[in-house]
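So the chains spell out like this:
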Amino acid sequence: MTKSTFKKKFLPWLLPIVIILFWQLAVQLKWIQSEFLPAPTEVVQTAIVDWKKGILQKNISISLFRATCGFVIGGGMGFILGLLSGTSKLFRKTFDSTIQMLRTIPNMALIPLVVLILGIGEPAKICFVALACLFPMYINTYHGITSIDPDLLEMGKSYQLNTVQMFKQIIFPGALPTILMGVRYALGTMWTALIVAETVSADSGIGYMSTNAQQYVDVKTIYLCIIIYAFLGELSNYIAKNLETIFLEWRNSARSLTEE
Amino acid sequence: MHQNSHQNRKIFIFFLLVAWICVAFYGFKQTDLGNSSEKLTTIKIGYLSGDEIEISAARGALKKKLRAKGYNVVFKKFTSGAAETEALASGSIDYARTGDTPPVAAIAAGSKITYIATGGVKSNGTGILVKKSSGITKVSQLRGKKIAYTKSTASEYFVRALLKKYGLSTSDVKLVNLETNAASVAYSKGKVDAIVAWDPTTAQLQLSGSTLLADGNDVNYNNRSYILSSSTFAKNHKSLSKLLIKYLSQDMKWANSHHSTLIKLLSEKLGVKKSVIKTTINRRKYDFEPVTQTAIKESQAIADTFYKAGVIKKDPKIKSHVQYLSVN
Amino acid sequence: MALIELDGVSKKYGDKTVLKNVSLKISEGDFVALCGMSGGGKSTLLRLISGLEKADSGSIKQENKEISTINSDARMMFQDDRLLPWQTVIQNLLFGDKSEERIKLAKRLLDRVGLIDYQNSFPASLSGGQRQRVALARALMSQPKVLLLDEPLGALDALTRRNMQDLIIKVCSETNITTILVTHDVQEAVRMADKIWIIKNQGIAKELTNPERNNQTAEAQLKKDQLVETALSCILDNN
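Chains as they are written, first to last, in full-length UniProt numbering: chain A, 1 to 260; chain B, 1 to 328; chain C, 1 to 239.
Because the hints were derived from the structure by calculation, they are not lab data. We put the beta carbon where it would ideally sit given N, CA and C, even for glycine.
In silico DSS-like links for lysine-lysine, alpha-carbon gap of 30 Å or less:
no., chain 1, residue 1, chain 2, residue 2
1, B, 10, C, 98
2, A, 53, B, 64
3, C, 12, A, 89
4, A, 157, C, 25
5, C, 107, A, 168
6, A, 53, B, 69
7, A, 168, B, 10
8, A, 89, C, 54
9, B, 63, A, 53
10, B, 63, A, 58
11, B, 164, B, 317
12, C, 104, A, 168
13, B, 29, A, 220
Looking from chain A toward chain B, a few residues come up when the C-beta cut is under 8 Å (computed):
no., residue
14, 58
15, 61
16, 62
17, 63
18, 64
19, 65
20, 68
21, 122
22, 204
23, 239
24, 242
25, 243
26, 245
27, 246
28, 249
Work out the full structure: start from the sequences and follow the hints.
As structure tokens, then:
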């Protein structure tokens, strides 16, 4: 038991820790130039200084706000559209091919248009993140609903479930695993889109911190930003994974009680 | 045990999400979106054409600075000081810049108005004018002449103070009460011999063949500007008033040091020749400061004079309508 | 009076005729087994009665009412359990309707099928037999007049199967519910049903009765064995 928890909890951390230690050592022993690869301790110092100045909290929280807002708006819209496409044939016929076509446009290609229409303020950045979150949520919701076991739907029909019951008892929970996969995927594209949005035009946020640092060849801050992004990405992934465990409890119920 | 760990996971993730949303909300407050549109308080400032507030409004610094403090400034143009004091009393504006007589009249009529700030001295630009061709060179020569003035304005106070100083009574001259525009027309057509006016009319007349027979300095009359507010608003917005005075005085300093810009601006706004504006602003100093005792005494003198002349029904105590603020 | 009455019913899937001009009558309280080769139209007959399918011609009546949509007085048990995996056993019976009355009924039925202790388990943690018991309880939730069994025991091992047969017989006789069982297993049919109809050549080829169903004497057993033989030979006879 203790051995397995060790394996489960600490093994994934082993390699990063070793890498960081080696990195520190390499810089301190001057194996590599610290000009482009500052020691981890230096990055931590930069973080502390920026924190004291209030820059770090401000930029992280602003980035988080943009990301969350974009995710809620884009993800929500994707979910609703996916739901409509999945449940209504008329809607699917009318909109699906259009949405699929829009999906193939690379996000970066939309930057000039978004800037032109919404300017460079918060709405533009949020819109950009929202666009990136919309499609994965749409695809997964739509796919989740259309791939529900038809036998279960027939069962619902023969047991005379009404529309609400059909949706609440069969369609939604049946599509939920795929939808949550979409959430996880959208969280990934959310950060990517945010970095792009904040690099293009911003005066705050982690992306801005990073591009600003690039202009002053402030390598430590660049590394700090990369680490923050990695941390935020991992955090959202962790939350998404746990949401899956919580909402899909039934999938984990092992066959431990088998007997006849 | 399994059930327990499941419950713990739920609670942990819930708190993680709450923390996430809190941080995101904190971020929202840091953005322009969170700062501006949400809780900007609108304040309305009344002004008259070509006055100090018009300069501030055109410069834009005041609006910007107050926006940063959470206020959205709206400027409202009025055609007379009386209209402004009325709007103040009814609460449709929060502050007003007027001359020195409208608040006296309004307070005497029972309006609950408070003096917030005092403007600079304009004694050089307010006075009595006669045509050079008239041959009048001394105030005493005005005996029996027709003098155009506007009732219950600075011109009335000035003419009364002037006559008193030179030992004349109102019956020794013929006072003709005319609206400011009508007075100018009557004077230029020769229907009256003299006119009591203030800048830029004074400057304009001087530049077109009139002599300034006497000005504010002769009767110790400074004809200041004032910033007024309704008494209740003033009581509840002391810090805002302080900010307003501070920023206005910054604008006034700017005005004093940017005459050429100012000349262009005011000549456009007032539709008056640049040379006229130049004379006007060269002989006055722009300023705003918290209300001073001197200024209150001046206003009280106006009130007393008007009361004696029967222009107002009551002699108000000006000093009880003042908010003394300290601005650093 | 017949509870269910089919008159001249035909059904085609594409070009393939599955049922041709079938007429039959089932009385209240009957336990009818439909036997035949797979693909012979047994399941189609059941689905027609349940209202999941529509006949191309002919009439299907229950209590003299034409069945045009889903038959609300009949409930089907499918070959696979078709339980909702994301819901616990008791939730599978309730379908979201959590009125006190429904919960009470659900608990009573779970008790009857012997699964009251598993009411909060997910289907994935149950065995195949247990899952079919939940499905049986679920079918009985609306207290239907007719129970339609579409080879529900086909996937179970022999022992579990026997237990389930006994359970179904018990439940059906207790509630006096009219039951139609589709099965390819003639022995099962003889064990469970009191009427055995052989489906062959797109229609009912033979109607057999099983008067000794509940009789366990050696003599009765012999008669039942003979019945199995008769049924089998009828199914396998090419004419």
